[in-house]
Amino acid sequence: IPFSYGVAGYPEKHDEAPNMQSDIAWLKAKVDAGADYVVTQMFFDNERYFQFVESCRQAGIHVPIIPGIKPITACSQLTVLPKIFHIDLPEPLAVELAKCKSDEEAKEVGIEWCTLQAKALKASGVPSIHFYSMAAAQSIKRIAQQVY
143 IPFSYGVAGY PEKHDEAPNM QSDIAWLKAK VDAGADYVVT QMFFDNERYF
193 QFVESCRQAG IHVPIIPGIK PITACSQLTV LPKIFHIDLP EPLAVELAKC
243 KSDEEAKEVG IEWCTLQAKA LKASGVPSIH FYSMAAAQSI KRIAQQVY
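Numbered by my numbering, the letters in the sequence shown go through residues 143 to 290 in order.
Hints are computed from structural coordinates only; laboratory data are not their basis. Please note that a few of the clues may not be correct.
As the list claims (entries may be wrong) - DMTMM-like, lysine to aspartate or glutamate: derived pairs with alpha carbons at most 20 Å apart: (1) Lys264 to Glu196; (2) Lys264 to Asp187; (3) Lys155 to Asp230; (4) Lys264 to Glu189; (5) Lys170 to Asp157; (6) Lys261 to Glu250; (7) Lys155 to Asp187.
As the list claims (entries may be wrong) - For each label pair, taking beta carbons as the anchor points, the in silico distance ranges come out as: (8) Pro224 to Asn161: 14 to 22 Å; (9) Ala167 to Ala240: 13 to 21 Å; (10) Gln163 to Lys283: 32 to 40 Å; (11) Ala286 to Asn161: 31 to 39 Å; (12) Glu246 to Ala159: 32 to 40 Å; (13) Ala201 to Tyr274: 23 to 31 Å; (14) Ile226 to Gly148: 15 to 23 Å; (15) Glu233 to Met162: 18 to 26 Å; (16) Pro206 to Ala167: 37 to 45 Å; (17) Gln163 to Glu254: 28 to 36 Å.
Just so you know, even glycine gets a beta-carbon here, dropped at the ideal spot from N, CA and C.
Please construct the entire structure, taking both the sequences and the accompanying hints into account.
Structure (structure tokens):
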């Protein structure tokens, strides 16, 4: 396998970037420096990814942009993920998670959401899908069985 160089991209803007345009300009500099591909920060709204890819293409970034997604695995992630990673949870997902009375229920909601997300991304022809597996290996196995 040849060596390759990947970089991070932020469909919802890096927390330290003043705006999305400057964030994409920084990403372009990383790609111009030799990056072969981009893996995105996790997101839960595919439209954010598609808008990000379109903005990148308009900025002259033409390497593969691999979406990064993560299944929710616990009730606490309703508030923890947005706070730590500076990302939004779509209202329908947040509503379903708020109804959960246990982490097991939240995990099932997370698997269902992530499966639908992955199927839609795959159907749109993304180059690959990166699954963030932090404490979610079994969930990802179930998702992969349904998607691939």
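Hint by hint, here is what the structure shows:
1. Lys264 to Glu196: Between Lys264 and Glu196 the Cα gap is close to 17 Å, so the pair holds against 20 Å.
2. Lys264 to Asp187: Holds - the C-alpha atoms of Asp187 and Lys264 are around 14 Å apart, at most 20 Å.
3. Lys155 to Asp230: Holds: Lys155 and Asp230 sit about 11 Å apart, inside 20 Å.
4. Lys264 to Glu189: Cα-Cα ~14 Å, so holds.
5. Lys170 to Asp157: 17 Å, holds
6. Lys261 to Glu250: 16 Å, holds
7. Lys155 to Asp187: 14 Å, holds
8. Pro224 to Asn161: 14 to 22 Å: Given a distance of about 19 Å, which is inside 14 to 22 Å, the answer is holds.
9. Ala167 to Ala240: 13 to 21 Å: For Ala240 against Ala167, whose Cβ atoms are near 37 Å apart, the range 13 to 21 Å is violated.
10. Gln163 to Lys283: 32 to 40 Å: Since Gln163 and Lys283 have Cβ atoms about 39 Å apart, the given range 32 to 40 Å holds.
11. Ala286 to Asn161: 31 to 39 Å: Roughly 36 Å apart at Cβ, these two residues keep to the hinted range, so it holds.
12. Glu246 to Ala159: 32 to 40 Å: Once the Cβ atoms are compared, 37 Å apart, the range 32 to 40 Å for Ala159 and Glu246 holds.
13. Ala201 to Tyr274: 23 to 31 Å: Hint holds: Cβ distance 25 Å, inside 23 to 31 Å.
14. Ile226 to Gly148: 15 to 23 Å: 22 Å, holds
15. Glu233 to Met162: 18 to 26 Å: Roughly 21 Å apart at Cβ, these two residues keep to the hinted range, so it holds.
16. Pro206 to Ala167: 37 to 45 Å: Hint violated: Cβ distance 19 Å, outside 37 to 45 Å.
17. Gln163 to Glu254: 28 to 36 Å: Between Gln163 and Glu254, where Cβ atoms are some 35 Å apart, the hint holds.
Figure legend: structure checked against the earlier numbered hints; hints not met, in rising order: 9 and 16.
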